[in-house]
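Protein chains in written order, with this note's numbering: chain A, 41 to 199; chain B, 822 to 1173.
FYI, nobody ran anything at the bench for these hints, they're computed from the structure. We treat Cβ as the ideally placed atom computed from N, Cα and C, and that holds for glycine. Be careful, since some hints might not be right.
[What the hints assert, rightly or not] Lysine-lysine pairs mimicking BS3-like chemistry, simulated, CA-CA at most 25 Å apart:
id: 1; chain 1: B; residue 1: 865; chain 2: A; residue 2: 189
id: 2; chain 1: B; residue 1: 979; chain 2: B; residue 2: 912
id: 3; chain 1: B; residue 1: 912; chain 2: A; residue 2: 80
[What the hints assert, rightly or not] Which chain A residues stay away from chain B? Per the calculated CB distances, all over 10 Å, these:
id: 4; residue: 90
id: 5; residue: 103
id: 6; residue: 113
id: 7; residue: 117
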Amino acid sequence: MAIHDAVRAALLFLAASLASTASAEAAQPLELHSDVQVDKIIVAEGQSKHVLSEPDVVVPGDRLVFRTAYSNTGTQEVTDFVVTNPLPAGVALDPSATVPAEVSVDGGQTWGHLAALFVTDAAGAKRPAQASDVTHVRWVLKSVKAGEKGEVTFNAIVR
Amino acid sequence: MKRSARWLVAVSAITMSVMGAQAAQAAGTSAGTTITNTVTVDYKVGSIAQTTKTATNSFKVDRKVNVLVETQDSTTVQVTPGQTQVATKFKVSNLSNAALDFALSSAQLTGTTAKHGGTDTFDVTITGIYLDSNGSGVFDSGDQAVTYLDELAADGSKIVFVVANVPLGLGTGDVAGVTLKATGREGGGTAGSMGAALSETSSSNPMDVETVFGDSAGAADAARDAAHSDGDDYTVLAAALTVAKTSRVVSDPVNGTSSPKAIPGAVIEYCIAVSNGAGSAAANTVTVNDPVPANMTYDSSFGIKVNGSVDASGVCSVGTAGGTYASNTVSGSLSNLAAGDTKTLYFRAVID
């Protein structure tokens, strides 16, 4: 019957498109893993050390380390590799830690070193940007070779 | 605000933003807020842009219980013996990132050093803890007796008074130390009833909301016990009255006023001097009563003089007429006696 044929055709089409998606994925085998850890300073025997733990208990003021691990598991070099990370609401970039080289304070429209950026306040006046003004961080890598893996991190504080 | 120089504006904006950041840190992100981090990766393979990849992770902000109790009296609260309903003033601030109830309790020191440096020497009678419900900042009839603060929002604060009666019979410099403790209780429950006690919780699931105690140690509580406390004190300022009575022979019927002797018919002047000690509270409505001795007759022609002074040999002078004589007793009121003041009442009587 005509309806049966139509259904069969649709199923065949679906199968074909699934197969093509699978092959496309196989062609760009890039693995990403994102996690967050709490950076607690523990003082023991008069010495303080940083201990990273799962974010089971996180309260305002705690330090966090956001980490994105990438891995090129394919056979081809990946170029113009850009990791963009908008800062989630409720966290601010930690000014006491290393700030990523490229940040944005205007929602990702313009990028640069934090020290070179300015923000405009409600009254229309410009002032140098602070770590707490950062809305996005990003990392730009020219290339990630086949088999190469790495990670990028930034430190933040729970507001 | 209008400013002519752009640079000035920039400097001021920095200061404001720093202050704003500190204020936000007090309570911070609300408990239970999910923080989701999303990373996107754009890349090319063989110069061809590929589909953007994303990765996310999430956790929930836990509940940090933190409370601050601070006395609002910069110096001790001065009281007089027998004074009633005297308030010490405290501020209770909820520095937690969630609304909570706070149980309030007051206590007294037992001989230790009080908040403003004095040593606790007596106990007042605490009559209650009051909320500054009308927001006047001072304890008055509009304030409500409370045992807990209901649903105090994150970053919210309330003014609370510990109110007490002062016993009689105390001396200047006596000190009574009191403490006020606020203990966090479960919030978000029924308004008008105190929530259950809090306890710290733990879980290995980042998406669970746990409770963490983050308070510091107060005057009468330990760190990380969901409570905070502060002290305040009452210091007594009493009047220290002393009375001295002297007499002199003014004249006698034989010698007149020249070296008079205390023979029948002689006129005797009685001088009663009331003194208030240096550094004492002012004494108000001081009244003096003195029965005229037996075998003597009150001299109504001289009358009674009040608010006079006295010299080193006990001779009264410069009083004004006042007082009454009734039932063989001389009575009179003296005006207010400030610290270090002496005032006198004097009258004359004739030996029968």
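(request) List, from low to high, the hint numbers that the structure doesn't satisfy. (result) 3, 7
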